[in-house]
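**Student:** So you can see what is in the structure, the chains are spelled out below.
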Amino acid sequence: MARLELSNLHAEVAEGDEKILEGVDLEVESGEIHALMGPNGSGKSTTAKVIAGHPAYEVTEGEVLLHLEDEEFGEDIEIDEDQRTWDLLDLEPNERAALGIFLGFQYPAEIEGVTMTNFLRTALNAKIEEREELFEEEEGEDEEEEDEGFESSPMEGPADEGEVGVAEFQQILQEKMEQLEMDEKFAQRYLNAGFSGGEKKQNEVLQAAILEPSIAVLDEIDSGLDIDRLQDVSNGINALRDEQGTGILQITHYQRILDYVEPDHVHVMLDGQIAKSGGPELAEKLEDKGYDWVREDVYGTA
Amino acid sequence: MSAGTQVHANLTEEQVREISGDLDEPDWLLETRLEALEALEELDMPDVIKTPGREWTNLHELDFESLVDPLNAAENKDQVGPDEADVLSWADAVQEHEELLQEHFGSIVDTQENYLTALSTALFSTGTVIYVPEGVDAEDVTVRTEQNSRSLFNYTLVVTEESSSVTILERQSTGEEAEEQYYSGVVEVAAGENSYVQYGSLQNLSEEAYNFTVKRGVADTYATIDWIEGNLGTQLTKTEVSTTLSGDSSETQIVGAFYGHNDQHFDLDAKVWHRAEHTTADLVTRGVTDDVARSVYEGVQDVGADAWDTSSYQRENTLMLSDESEADASPKLIINNHDTEASHSATVGQIDAEDLFYMTSRGVDPRSARNMLVEGFFVPVLEEIDVDELRDDLEELIGARLRQRD
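Top line first, the protein sequences correspond to chains A and B.
Numbered by our numbering, the letters in the first sequence go through residues 1 to 302 in order.
Numbered by our numbering, the letters in the second sequence go through residues 1 to 406 in order.
Think of the hints as simulated: they come from the structure by calculation, not from any bench.
A quick note: this is a predicted structure, and the numbers were derived from the prediction, not measured.
Ideal Cβ placement from N, Cα and C applies to all residues, glycine included.
Treat the hints with care, as some may be off.
DEER-style ranges, computed between Cβ atoms [claimed, not checked]: (1) LEU67/B with ALA167/A: 38 to 46 Å; (2) GLY278/A with SER322/B: 46 to 54 Å; (3) GLU324/B with ALA193/A: 42 to 50 Å; (4) GLU389/B with HIS253/A: 30 to 38 Å; (5) ALA14/A with ASN10/B: 56 to 64 Å; (6) GLU324/B with ALA14/A: 18 to 26 Å; (7) ASN235/A with GLU389/B: 42 to 50 Å; (8) PRO39/A with THR51/B: 46 to 54 Å; (9) ASP292/A with GLU395/B: 19 to 27 Å; (10) GLU354/B with GLN244/A: 23 to 31 Å; (11) GLU112/A with THR51/B: 54 to 62 Å; (12) ASP386/B with PRO39/A: 50 to 58 Å; (13) PRO55/A with HIS338/B: 27 to 35 Å.
Beyond 12 Å from chain B on every Cβ pair, some chain A residues (computed) [claimed, not checked]: (14) ILE79; (15) ASN94; (16) GLU112; (17) GLU175; (18) ASP226.
Could you put the whole structure together from the sequences, leaning on the hints where they help?
**Tutor:** Encoded structure:
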């Protein structure tokens, strides 16, 4: 079980003092799907980037906490009840990823010369390694000494035991690609380079499926998709929730994807704050009536 | 006293006579050397890139007086090739192929083009001659030079006859290091009709060394000359790789890769002269500068008036890994024939912050992410290299240098 908590989150652009987030409160748990909606410029993407640790934004107030329960740590690790919460703002982007935060990008970078296979295997192994380090710190020094004892034991196996090897990874990748109905040629292509908009989005979902995050923040993953691709991407997102218990924060402009990925909660963002929250019916109302009524409702002005 | 001896207090006609005599060279060659020595006084350094207020490569500051030690050249050399082709040391070539030398030596690179070519002509004491007879396919010619002396002057001649082919892999490295060393290399390639020459070079000299290299080829009808130019070593490299497409339907490709760190300085030229019909050229260079390293690249595509139906492409990209490193790129297109398809582009930039964030947000630590991006940056150039050995070596050297970084 994992829980992501944003409380009173304020952020501005790091270079300059343009305020973008002005007190965001939000809670996403494993297995839940939250839709975050709102007009352009309301702060949705910034919220996503701040959660993941984008260096262009500076958090001026508030907290981003990630709470993990036992099953999130793996069998070998026991962590005291009071040490299961991480303040993400103290951590680097790769450390946040290791704890199970995934950001699906609206415009994924195109990385020349780095194959999908190579990148994803590196990311997966980096996650495993980084988690060990993060959890060891929490475990305290006694445990570390015990580990050192094991390291010299001939029963322990190679130092990089636990790493996902090339062959093993190929199998994982192939399996996940089949599930998402992706062409296997993608595996040897360079990361997003020359991918169509739809292929990029599908690739984002594939990466989430492989990295198995606790919480996935998907930033307008539905934009620019034809109906077939939208269904594939939606199936992938539902599988994340159903099979891995991932908690999903789905950022979108439109009701369209919510027909396929049914949200448990819908939030409307206006001017850097969550202005209104509700169930799936809220999204339908937004589709019909736009955002102005929310503004009127909350602020008393249009 | 001749004019030459006035230029350099420690360079004398007697030394040149001794070098030539030790190699048992014919008189015409000795004369060529002596004329080059004498010309030194009149000659200037090779041209370098100038941007307003700045001459990027200052060759005048080099103290050739102390760098050049002509009678104490020492090296460790491998010259290997298949039986069907002649791969000869300079001394053997002088004995076995005098006519070939007389025809080609100095025919492509003017021995008195500038101070450094003349110095090289007067003083070279080692070299390789590769002669590929008609119809022979000569794979895997390897020339490895390990410099063990203060200065080393090297000369290479490649001659391919009609419908032959050759793949040459040249490596330059430093064996015994001195405080400062000077390596000079002149390469001439005469590609006969319908022949194919691939000349790959990997320069990994000591980072205390200075390097001056000029590699030039002339391609006859239907001939192809492909160059691969890898530069990793030296504190200063001034190099030019160029092809003259003198025969109809001749082709050339110049692929370059460099990686400068610490205070290394690379001055790299890639040039093609379209001088016949239906000729094709593709110039691709990618490099990295780190720390306080500098690179300056000049690329020239010159399409002559008679070069009908020309295709000519040039791309150069430099990635700066530090704020203090510098790079300048100057691609030039000179077109004197309207029936030409040509393009050129050059970029100088840093690692993209969004690319880096994308990778770190997926769990890859910043250092590994950056290394993957740099290795990926070189891939389009590495993909152009057909010689597996050269590509693997280059990849390995780039990787090793990246891992050295903090």
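**Student:** Taking the Cβ atom of ALA14/A and the Cβ atom of ASN10/B, is their distance within the range 56 to 64 Å?
**Tutor:** Given about 60 Å between the Cβ atoms, the range holds.
**Student:** Going by Cβ atoms, does ASP226/A stay more than 12 Å from chain B at every point?
**Tutor:** 24 Å, holds
**Student:** Has the hinted range 30 to 38 Å been met by the Cβ atoms of GLU389/B and HIS253/A?
**Tutor:** 54 Å, violated
**Student:** At 12 Å, judged by beta carbons, does GLU175/A keep clear of chain B as stated?
**Tutor:** 19 Å, holds
**Student:** Just to be sure I understand the hint, the distance between the Cβ atoms of ASP386/B and PRO39/A should be within 50 to 58 Å; is that true here?
**Tutor:** Holds - the Cβ-Cβ distance for ASP386/B and PRO39/A, about 54 Å, lies within 50 to 58 Å.
**Student:** Could you tell me whether the CB distance from PRO39/A to THR51/B stays inside 46 to 54 Å?
**Tutor:** 48 Å, holds
**Student:** Does the Cβ pair GLU354/B, GLN244/A satisfy 23 to 31 Å?
**Tutor:** 27 Å, holds
**Student:** Are all C-beta atoms of chain B more than 12 Å from that of ILE79/A?
**Tutor:** Given that every Cβ of chain B is farther than 12 Å from that of ILE79/A, nearest at about 20 Å, it holds.
**Student:** CB of ASN235/A to CB of GLU389/B, is that within 42 to 50 Å?
**Tutor:** This hint holds: roughly 47 Å between Cβ atoms.
**Student:** Is the gap between the beta carbons of GLY278/A and SER322/B within 46 to 54 Å?
**Tutor:** 51 Å, holds
**Student:** Check the non-interface label on GLU112/A: least C-beta distance to chain B beyond 12 Å or not.
**Tutor:** 5 Å, violated
**Student:** Taking the CB of GLU324/B and the CB of ALA193/A, does the distance hold inside 42 to 50 Å?
**Tutor:** Since the Cβ atoms of GLU324/B and ALA193/A sit about 30 Å apart, the hinted range of 42 to 50 Å is violated.
Violated hints, listed in ascending order, are 1, 3, 4, 9, 11, 13, 15 and 16; each of the other numbered hints is respected by the structure.
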